[in-house]
Amino acid sequence: MSVVIDVKNIGVSFQRNRKRNFSVREMLLQGKNTSPRGSFWALRNVNFQVNAGEAVGLMGANGEGKSTLLRLIAGVLLPDEGSVEVKGGVAPLIELTGGLKSDLTARDNIALVAGLHGLKKAEVKKRFNNIVEFAEIGDFLDTPVRHFSSGMKVRLGFSIVTSIDEPIILVDEALAVGDAAFMQKCYVRMKDLLNQGKTLFLVSHKEKDLKEFCTRGLYLKDGTLAVDGTLTQALAAYRADAGISDD
Amino acid sequence: MGKFGALRILIFRDLQIRYAGTWLGYFWTLLDPLAMSAIYWFVFSYILGGRSVGETPYILFLLTGVLAWTWFNGSVTDSARTLVLESKMIRSIAIPRYLWVIKSIGAKGTEFLFSLPILVAVAVIAKGQVSLQLLFFPLAFVVQFLLLSGIGLILAPLTVLARDTTNVLRIILRMMFYLTPIIYGLNDIPEKYQALAMLNPLTGIIVMYRAGFWANDNLMTPIIFSITISVAIFILGIFVFKKLERAVLKEV
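Chains A and B, in that order, give the protein sequences.
Number 234 in our numbering belongs to position 234 of the first sequence; there are no gaps in the numbering.
To convert, count from 1 in the second sequence and add 1000; that's our numbering.
These are computed hints drawn from the structure, not numbers from a lab.
Since the structure is predicted, the reported quantities are computational estimates derived from the model, not experimental observations.
Certain hints may be false.
Claimed, not checked - Beta-carbon label-pair distances, calculated as ranges:
(1) B:K1243 / A:K87: 20 to 30 Å
(2) A:H205 / B:Y1019: 41 to 51 Å
(3) B:A1162 / A:D103: 22 to 32 Å
(4) A:R239 / B:T1022: 53 to 63 Å
(5) B:Q1129 / A:S102: 40 to 50 Å
(6) A:F128 / B:T1022: 39 to 49 Å
(7) B:A1121 / A:G89: 40 to 50 Å
(8) B:G1005 / A:H205: 33 to 43 Å
(9) A:G11 / B:V1231: 30 to 40 Å
(10) B:L1031 / A:F128: 44 to 54 Å
(11) B:A1232 / A:K87: 49 to 59 Å
(12) B:I1172 / A:R16: 55 to 65 Å
(13) B:Y1026 / A:R107: 37 to 47 Å
(14) B:E1251 / A:F48: 24 to 34 Å
The beta carbon of each residue, even a glycine, is placed where N, CA and C say it ideally should be.
If we strip away everything but chain A, and leave its shape as in the complex, we get (with noise of 0.2 Å):
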């Protein structure tokens, strides 16, 4: 089995006090800094591998590291301590709609996209009737992105992010999109890709979706994994905190 996330003790800190502005004013101002000083881990000595073909569910409450981790593994976030290598390229389903040009059409947003997420130009070519079915957006091609839908727009997001053809998958509670009926599509197409031997990594609140998918599963608590195991395991820790806190 070879090893394609190898996540070693990393942390990663946030500003307290995100509001740069005001501190460097009343540094003006009282020639001291008098906001809540310092900074917080988000999340501490996080150890973990993935290996090709695993199917990972990352779980536990807001504010807890997640997304934080999510975008470590992207590569749209650096570590303060420790490491991330990722071995292979990486198809993130992070903020769909992110990546789109609203001044731009559909035909260019696929182009740019696509292209940026390092497919080539005959590459993205071959795949276009197909990016461009399964979002079901034929007859708005030439129109530009800002006339979507917001639903439309993810459709196109989603389209373009699983036709890149990487070995990994990050998706952050983006599983289904859409309507009812888009939605189904997505499991579908996300079964497709576990079945061509894909490794996923997800995020999600959803019991129903880290059951359809995973196998395996990780909790994150106070900005550390608390449980790294089946899904099973990690499912029941998740729901016994959830429990509690609940109250």
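Knowing the structure of chain A, use the given hints to seat chain B on it.
Relative to the frame of chain A, chain B by itself:
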């Protein structure tokens, strides 16, 4: 895909957006510096009653400076804001972050190159003389690219961490336009201040752009100044960007 591929895509996208939804499209690239030069030419040649600065033909003199300034001004403004404006893309696509800075300069640089036909046309119409020193023109382009990259790499992360940077920048750029030999020449500055003017790296760059049209025997000093300072700013830019990148990614 190489970084070069991503850079090409981003520059192409910027130009696409720039020209999308405009009627005149590319002609704005030509009209803008031409209109600006024409205004200064009119003011200095007629309203202020006879001009005592610059070289003849003055419209050509103005245009060389204004074109370089248009690229400078546009790049500094754009690259300073790029990490803020593209935050959504930066959060979802893992390409090297410095590419966002370089693409802003590359896109404006491409527009600069696209606007050169207007310089050729004006040179022909105004009967400008050309010498072998025109070879400094491409060198000026390279040095300006280097300088802009350095400035962009410093300003882009600063703007993310303190949004006031944009406001400060607007004032500084306005001052710089008049403090740089654009509507006048380096030789028009009182001699005791010329060394000071050469500390502005844009001075030497504009001297290089103009060298092909007006023979100048006082070339080397401003050129050496500008190359040295540009390289220093570029190195400083790499250093600052590396230092702040981690913090920037947390804030975008």
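Evaluated hints:
no., hint, in the structure
1, B:K1243 / A:K87: 20 to 30 Å, "holds (28 Å)"
2, A:H205 / B:Y1019: 41 to 51 Å, "holds (44 Å)"
3, B:A1162 / A:D103: 22 to 32 Å, "holds (28 Å)"
4, A:R239 / B:T1022: 53 to 63 Å, "holds (57 Å)"
5, B:Q1129 / A:S102: 40 to 50 Å, "holds (49 Å)"
6, A:F128 / B:T1022: 39 to 49 Å, "violated (27 Å)"
7, B:A1121 / A:G89: 40 to 50 Å, "holds (47 Å)"
8, B:G1005 / A:H205: 33 to 43 Å, "holds (37 Å)"
9, A:G11 / B:V1231: 30 to 40 Å, "holds (37 Å)"
10, B:L1031 / A:F128: 44 to 54 Å, "violated (36 Å)"
11, B:A1232 / A:K87: 49 to 59 Å, "violated (39 Å)"
12, B:I1172 / A:R16: 55 to 65 Å, "violated (33 Å)"
13, B:Y1026 / A:R107: 37 to 47 Å, "violated (21 Å)"
14, B:E1251 / A:F48: 24 to 34 Å, "holds (27 Å)"
When held up to the earlier numbered hints, the structure conflicts with 6, 10, 11, 12 and 13 and fits the remainder.
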